[in-house]
Each structure stands twice: as C-alpha cells, then as structure tokens.
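Generate the whole structure from the sequences, applying the supplied hints.
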Amino acid sequence: MPKFQIDGKEFEFKNGQTVLEVALENGIDIPHFCYHPLLSISGNCRMCLVEIEKMPKLMISCSTLAAEGMVVHTQSERAINARKAVMEFFLINHPLDCPICDEAGECKLQDYTYQHSIGESRFTETKNLKEKRVPLGPYVMFDGDRCIACSRCIRFCDEIAKSSQLTFVKRGDRVTIETFPGMQLDNSYSLNVTDICPVGALTNRDFRFKARVWDMSATKSVCIGCSRGCNIEVWVRSNEIMRLTPRFNPDVNQYWMCDEGRLKTWKHVNSDTRINGPQLRKNGTLAEVGWDEAYAFAISELKNFNKDEIGIILSSSASMEDNYMGIKFGKSVLGAKYFGYKSKVLKGSGDDILITDDKAPNTFGLELLLKSFSVRIENSFEQVMSLINEGKIKALLVIEDDILSGSEELNKTLDRLDLLIVTASNMNKTAEKAHIIFAASTYAEKNGTFVNVSGRIQRTKPAVVTSERERSLDGFEMSRLDKFGTEWDKWGKVNKIEARASWKILNGLGVVMGQKLKYNMAEEVFVDLSKTIDKLSGLDYRAIGETGVQLKLTNTN
Amino acid sequence: MHRIVLPDIKNLQEIDVYLANQGYYGARLAFQKSPDDIIEIVKKSGLRGRGGAAFLTGLKWSFMPKVTSKPKYLCVNGDESEPGSFKDRQIFEFNPHQLIEGILITCYAIGAQTAYIYIRGEYHKWIKPVQKAIDEAYNNGFIGSRMKETFGTQFSCDIFIHKGAGAYICGEESSLMNSIEGQRAYPRVKPPFPAQNGLWGNPTTINNVETITNVPPIIKNGSEWFSSIGEPKHPGTLLFGVSGHVNKPGVYELPTGTLLTDIIEKYAGGVINAKRIKCIIPGGTSMPPLKGDSIEGLKMDAESLRAAGSAIGTGGIIVMDEDTDLVKVLARMTKFYYHESCGQCTPCREGTGWMLKILKRILDGKGTKSDLDLLISIANNIDGNTVCALGEAAAWPVKFTIARFRDEFENRVNESIQIPVNNKVHSMRKTKNPIDNIEIR
Ligand SMILES: Cc1cc2nc3c(=O)[nH]c(=O)nc-3n(C[C@H](O)[C@H](O)[C@H](O)COP(=O)(O)O)c2cc1C
Ligand code: SF4
Ligand code: SF4
Ligand code: SF4
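Protein sequences, first through last, are from chains X and G.
The opening residue of the first sequence carries number 47 in the numbering used here; numbering runs sequentially from there.
The opening residue of the second sequence carries number 693 in the numbering used here; numbering runs sequentially from there.
Note that these hints are calculated values from the structure, not bench results.
Hints may be right or wrong, so weigh each one.
[Stated by the list, open to error] No more than 20 Å apart at the CA atoms, straight line, and that leaves these computed lysine to aspartate or glutamate pairs for DMTMM-like:
#, chain 1, residue 1, chain 2, residue 2
1, X, K103, G, E1084
2, G, K1061, G, D1013
3, G, K882, X, E99
4, X, K130, G, E1084
5, X, K130, G, D1065
6, G, K1061, X, E99
Structure below.
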C-alpha cells in the first residue's frame, strides 16, 4: 500500500482516499464542519486547511487526495493560524446564543471554539441579523443567525433523502437557507438535517427548548417503527423520553432514521394512557389490583378451559424474549395449539432508503421462533379469529398487540370470548375489552432482541425505569442529573410506571402453574431461546453488542 | 502599428465587410491542418489568456483529453465584470465575426462541438450584435451542420449565447459552468479542473473573449508573426481600458510592453487638469494599486507588472489624481467585493463584510490606528484560504492600498474623534441588517 505522512507519522492509504479520511481513520482529528462521510465534498467551510509540503497554498484536507510521499502538517504554525482565522470568521456574525440554543453541548462550533479559536474577538462592529424561527417544514425550525452555511442540509436532501427541498439564497454574508418556492422541508427524513447541522441553525420542533443535552442520558437502542430497525439513542431526562436520535450503523441505517420513527415510536412511553399496574374486570368495569391477585385470578380462570379452547396472539412488534415466553407458556403450560400474529405490513408504505412496508420490528424473528416450534405462520391470525367465531376458541391471550386497531370488525369476534387476557403498556381498544390486563413494559424499559428485515439481530436496552428497577443499581445510562441531582432537585422526582416485561409476566404465570424454569433476566430467556433456533446458537447479549449480528440466511428464509 | 483584435476597418461587424477582409479564411486554413497542429501553433505564438491570469492558451488547450467518450465544450467568458474592465464589449460590438471564427478554430483544436458565449446580463445591448453575427454566420453556413459543405471538413460545431443574470462571480470559470448548467453560481473546488471535469462533468475549456478573438490572425499570419509583436514573454496586443481622471477615457489596442505613461499621456489624453497621479490600478480593481510616482518606465505586460508589485489582470487601467480620497476608493472597492462574494466559503463570506464595516467606520471618522493592522490581518486571513480567487481579489486591494498609502490612512484614523462601542445586545436590536445602511457612492 502507498504511504504518506501526517504530522511526522507514516500512514498507509488506499488510492482515492483523501487526507482527511486517512487522518480520521487513524484518530487524527482535523476539524471540519461541511465534510460529512456520506455526503459529497463541498469544501466550503475551510476549517480543515492543512499545510502540505511543496504546495504553495494551504489545502483543504477533505478534497485533497492522499499521494505517495506526501508530507502533511496539521499542527504547523500556518495550519493553526488558518484554523484560528476561520474560527474568527465564523464567530464574528454568530449570535452566540448558546445559553438558549438547543445545540449547546453537542455543537461543533462551540467545541471548536474551545479547541481552535483565539479565545477573544477582534470584531467590534454590529453583527449581521437574519431571520430567526423560520419553520422550514412540519418538523424543522431554522435560525438564520446561527447558520454557518456549510450546505450539509442541502446536500442531505439532494443526495440522501433524494428530494431537493432546500437551497441557499442570496449572496455573501446575506446567504441563508430557504425551501424552494412552493415547497416545504417535508421529506420522510427531514429531521436528519437537525443531526448533521453542525450548529443550532436547524432544530427539531418537537424537541426545541425541552431539555439541555447534558441533563439527559442517552441509551443505545433500536427503533421499533418498522422492520429496518434503525439504530438509535433514546434520550431521557427525569425518566421521561425527550427525543430519539439515529446512531451510526453502517450495516443498517448509516447515520439516519426516518421522521416517523423518530417522532412516533416513543410518545406512548411518557403518555398518560399508560397502564399502571394490573387490572381486573369486576362487575363489568376494570379495576386496578396487585400483581399477585391478578396472577391468581388469571390462573383460576385459565383452568376452566380445555387446551383446544385457548388461543394465543403473539406480536411481531414484541421482542424475541416476549414472544418466546408466549409460545413456551402456551405450549408447555397451557398446551395450547392455536397461535397467531397480526401482520403489520402496509403495502407500498416503504421506500428504497430505509422505511420498509412492514411496520413491525421483529417479524423476521417471530417467524424464526414459530418455525422452530413448528407453529403455523400463514394466515395464523385469521385462523384464530375464525375459530373464535366458530366458538371453538373461548379464551384468548394477547401479547402486546392491539388487534382491534384498524380492524373494527373484530369487535364482535372478541365479544364471543369468555376470557380475554392481554399484556399491554397503554390502554387500547383490545385492552378495553379485556377481563385481565397485565401492565407491560415498553421497549424503552427493558432488555430485548429484535431481528430486522435483513435478518440482523439487534438489542434494545432499558432507558426508562419502571417500578421494579433502579437507575444506578441496574446499570442504566446516567445523565448529569441522575448522577448529581439532589433530592431537592425539581427534576429529580421521577415518575415510575408499575409494569413488567411481558416475558416476565408470562413466566410468572407459568411458574405458579408448574413451569419448571424461572427466569430472572431477559438474557436468561434469550440464552434459552437461542438454543432452540440454529441461527441464534452461541449468541448472547454481549455478542450481539451495540450494533447487532447478521444471522446466516438460507434460501428458505 | 498593430491592431489584431479591433482592426481599423469600418463596419467590420457586417458579415460582408468581414468576408471582404479575409473573413473566415483563418478557419478555412485551420481545418486543413490537424487539431494538434493548431494547438502547436497557438502554443508557439505565446498567446496568453486575456481574462486575468495571463495563462498560456495553447498549454490550456493541450490539457483537454485527446481520447474520451464524453462530449467536450468550449466556454467563452464574456462576463466582463471586473471593475475597470470594458474591453470585451468592444469586440461584441465591432468585431463579433472574428470572435466567432476564433471559436470555430478553438473548438476544432480541442475537439468541442458546442461552444457557449457567456455574456453578462447587463450587456443586453451587446448581446444583440453578437446574436446577429451568429445568425448571419449560421445563414452563411459558417456555423452548424452546413460547415461541412462550406469548409469541406468533417468538423462542425454550434455556438450559443448564455446570458448571465448579473453576478461578478459568474466570470469565475467554474462558477460560469455552474451558471450555464442552471445551478447556483458557486465556484467549484479545484481539482478536478475543467479540462477533466467541466460542464456537466465533461472536458471543458474556458477562455476569455479577447483571447479567442486573437486566434484567427495567429492562424492566418503564423505564430512567429504574433510572437514578434510586443513583449516576447507576453506577445501580441492588449485592449487597454483606460478610465478615471484622464481626458480621453476609452479602449486602446496597443502592443504589450507599451509604457503605462505613454498610454495615459499619448492615448488617453493625459490626466484631467494636468494633475499629478496619486494612485493607478493597472489591471482592474482586483489587482494591487501602484503609487503614481512609481510608474515611470513601467511597461504594460505580465512580467513587468509582476516585477512592479501588481499584475496585468484584464488591462483595465484606473487613473486617480492627487485629490482622490483613497479611503473612500478602498471602501467602495471593498463594497463591490462584499456585494459580489458568492458566500460559499467562510473567509470571503465573512471577511469581506467585516472589512467593509471597518472601512465605513474609518470613513465616518470613527477609525482607530489598530483598525489598519486589523484590516491587513483580515485580508491576510482571506488571502489564499478561499475556494476561488475572489477572495484574493477582495484581499489584495485592502492589503496593498493600505500598505502603499499608509500615510493617508493613518491621517484619517488620527482625525477620529470617537471610539466605537457598537455591539448591541440582542434585545436592543432594532435595525435590519446593519450593512444595508452602508451607502458609499
Ligand atoms: C471572481 C472572478 C471573476 C472573473 N471574471 C472574469 C470575467 O469576467 N471574464 C473573464 O474572461 N475571466 C474572468 N475571470 C477569470 C476566469 O476564471 C478564467 O480564468 C478566464 O476566463 C480564463 O480565460 P483566459 O485563459 O483566456 O484568460 C474571473 C475570475 C474570478 C476569480
Ligand atoms: S449554534 Fe452552537 S455556538 Fe451557536 S449559539 Fe448554538 S450552541 Fe452556541
Ligand atoms: S442550516 Fe445548518 S446544515 Fe444547513 S447550511 Fe446552515 S449550518 Fe449548515
Ligand atoms: S472566495 Fe468568495 S466568491 Fe469565491 S467561493 Fe469563496 S465566498 Fe464565493
């Protein structure tokens, strides 16, 4: 391989790599604003200027190809002075409203100001003013004063979202961002521009002014909005989710996620429709009860039915662990024969970027499970529903799915049941009809695994505590407030929901009804289930890690 | 005396007159030679670009790939926006057919079948004669598919005018290509250079109008004829546009190497009221200004001007007499670059406005001595750190005017009475963009 030098050290490179790429690969941080690994090179910010021997001018490292024998200096006096100069230029008209800026704490301009600027301003003129608070679309707000004209947002729309909606207008230091006439920034990926905007010029309207970055914890997890399973971080303050952001995974979602996933997959976790503890139907109305009473009642009720009279609805949205316990409890404890799950495929709703047609994150995994137990997959849900209509199935256990949603006609079907038990995190149409509701934890409150559309198994991790957990003791990601908040801190009062993971609820029922194995942790369930599926054998949570493991696929998948 | 680009022939813009004076004969000769021969002749002639950088034209053409599956293009740069420069429009008005003939020969040499003449939008008056000439040339079979019959060659090409919308930056060659493509006229990061990756990603050559108009006579009369005119290292004639405090401002075609003092005295009628020259810009405002008392014996060609600490640029000579307020001049020039900066890259986008604000403050009598060094420092921080040469064009006048006329600037800041504290807090902001209020005429 050819070699060249950066700051006295020799590095190998592949032909076609730029100086900046090689530097970043080797942990040398050449500061940059407009360069983004997945966007075209723009070369406008001039922050990555370096000195290259035998070249008269300083060169931008983002567009200069590495060449055999090249000698690059990132720390020479000229290079350092150029960075200081560029930082000074950036700051002269910048509003410096860090104290009220959402970007503060994760702002490239702020960070580089500490690292690379002269620390004082020689600018004594009046700053330029631009439009503040311009809604560019339904989700994104623009602040012209803060924009450093790096063009990342424009290039993102053109090149990644494939819908050109943003442009620069005007010239010189009047340059600003606008949408094209008659257009809005409303592509399905619009909020990604708020992540890649190096400053607080583009902000998420859903998150603006909600929380300071350092007051939140960030937990690595996976989006449950569709079967792509984009890797995400769940940002929590005072036990409430404040926002989701995409997390880099080159094999799944790169740096991106869709707006639907970002905005619509977590509001239920904080919502007041949460089911707070188990409920039983007494005299026609649902009433909150303790876990023991709910278990006891469920067991005594279930005993009234034959094996053939019990149906179980699993969920392609629920984790491997929850579905596994659903099948295991159904088969070995109840002896049930009929299992089904309701497909969440919306034909034509996907695109060729990230969004898939299947609005469930774990269809692939659920089908692997069903196959390993030799359970019917095709039309399994319709079969269970018609058996209810025929009066053959009289008791139904629904695990984490609102089967009535979008299927009002099933109301009558469910009316025929003698017993409806559900595990659910939020009150929904199905739960409203239930005789017994077990309060279930959401994906944001538990460990779990999901297999995405291309057969990659990935983990969710708890970011929000429920009543059975403790932030510090149970190894949660911690924010500044979690670590240093006092008991008088008004943020410190956290609201904990009384809920359990579905696998735990089912295991609890099973143990009382004679099931041998008692599981204490989700990972124990996983290790057990991994033994029943060849493709998962040998895996554990550590092996799956933060970015998941691609399962080996055969033609039959 | 040689007049190559604007011969002294009445109504030469009429095709009949042009034809009666050996019009399109150069093209006919060229098509009998190989493209490589043409490039060789132009190389030997020593022709250098008239668009500002005085780059060797034959060498530039030789960068075009010989073998490629892509179409190739010629762009003829008639954006002519450099303040002090008004020469290309003389060609548009008085000798458009020689420009067209030059385009045909150039296209043949570099293998292009399409040429765009990019003309600044403000030149609508001069777009008409060029379009008329193009139409006539088409009608007479000198352009387009009929070229094959007219010249008995396999080669043919088309010529289109592309009208700019009025931005100095569109004269920068990569910006010009973006503009033709219908993109925002942002200069491109180089490399890749236009010969590899130009118009729509295809090999492209960009030349100035005057450069191309020099080509037919070179083909007709040979490279030795051309290289013997003027200064050997920068041969031929230049269209000098003289403006400012002279009695007869105008465009004068003179051999390179003509004395600057001769241009002013003999041709431009001398300085108005026979005043002394305080400052003179030899090549358009982007080039460093010279002191009036330093131009004795100064020849007007690329090498001599470089040695004198300036550059030939586009040959736009601006004469300023002893009464000129150079602070005001510099502020006005800086306002131009501030206004025309495309805003793509940080140093130029932010630096031009900053320099303007300081200069405006000095004009208002609120300058301080440290402002002068600050201005030079800002200019140095722009210089060399930008995407395109507009950065330098904005920085050089500031750097060199202050350096060469420091006394005048120091006197001005010493007269200041007030030290500014201008940074208003956020809540006090009432005005719109403060720079909108800056009036310098
Ligand atoms: C800001 C800027 C403006 C320019 N404007 C013009 C122009 O109006 N006309 C021109 O011929 N060249 C202009 N140039 C130079 C062109 O980029 C290019 O070098 C020239 O057209 C090449 O032609 P030549 O080789 O025949 O000189 C400009 C350059 C810059 C940086
Ligand atoms: S964008 Fe960055 S530097 Fe600017 S106000 Fe916001 S946090 Fe501060
Ligand atoms: S809005 Fe942000 S991403 Fe877009 S150009 Fe401005 S600073 Fe860059
Ligand atoms: S130097 Fe000025 S004109 Fe040239 S690209 Fe940069 S901002 Fe635009």
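Going down the list of hints, with the structure as the test:
no. : hint                : in the structure
1   : X/K103 <-> G/E1084  : 12 Å, holds
2   : G/K1061 <-> G/D1013 : 25 Å, violated
3   : G/K882 <-> X/E99    : 18 Å, holds
4   : X/K130 <-> G/E1084  : 19 Å, holds
5   : X/K130 <-> G/D1065  : 17 Å, holds
6   : G/K1061 <-> X/E99   : 36 Å, violated
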